Amino acid sequence: MTTIFDPITIGDLQLPNRIIMAPLTRCRADEGRVPNALMSEYYVQRASAGLILTEATSVTPMGVGYPDTPGIWSNDQVRGWSNITKAVHTAGGRIVLQLWHVGRISHPAYLNGETPVAPSAIAAEGHVSLMRPITPLPTPRALELAENR
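With my numbering applied, the sequence shown closes on residue 247, and no number is skipped along the way.
For the record, the hints were derived by calculation from the structure and aren't laboratory data.
Just so we're clear, the structure is a prediction, and the values are computed from it rather than from any experiment.
Nothing false has been slipped in among the hints.
Per label pair, the in silico range of CB-to-CB distance: (1) 231 / 180: 37 to 45 angstroms; (2) 144 / 227: 19 to 27 angstroms; (3) 143 / 112: 18 to 26 angstroms; (4) 224 / 105: 40 to 48 angstroms.
Note that CB positions come from ideal geometry on N, CA and C, so glycine has one too.
With the hints as constraints, model all of the structure from the sequences given.
Structure representation (structure tokens):
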């Protein structure tokens, strides 16, 4: 009988076991949303999982929606993630970056005063996560076709 501790091959990816570490958004990046040594230590400690899915990582400054979450759009951020990836690989682990854009579930406070962008200018129900006092989600600006890359 197969167990979660048995190796598995998925396409070209060979995993030492079937344990997949779910992504956990920890809000621990440095200023500039740069991945750091604390984050590296965290992922290295979990390198025995078959595959690590990283915390959500914003692909653009306009995709941010939470404090201190990492990004992947600047050279410093890429270097930070590269250091983490190398450390996890050295520890025998496998790691995949979770790409993220929160869309309308953001607030100008996280976007240098800019209005969040989304597929349409329809506000989501609810409030901005981790913001006090509790603040309703704003109406986003519809993303223009020319902004798509």
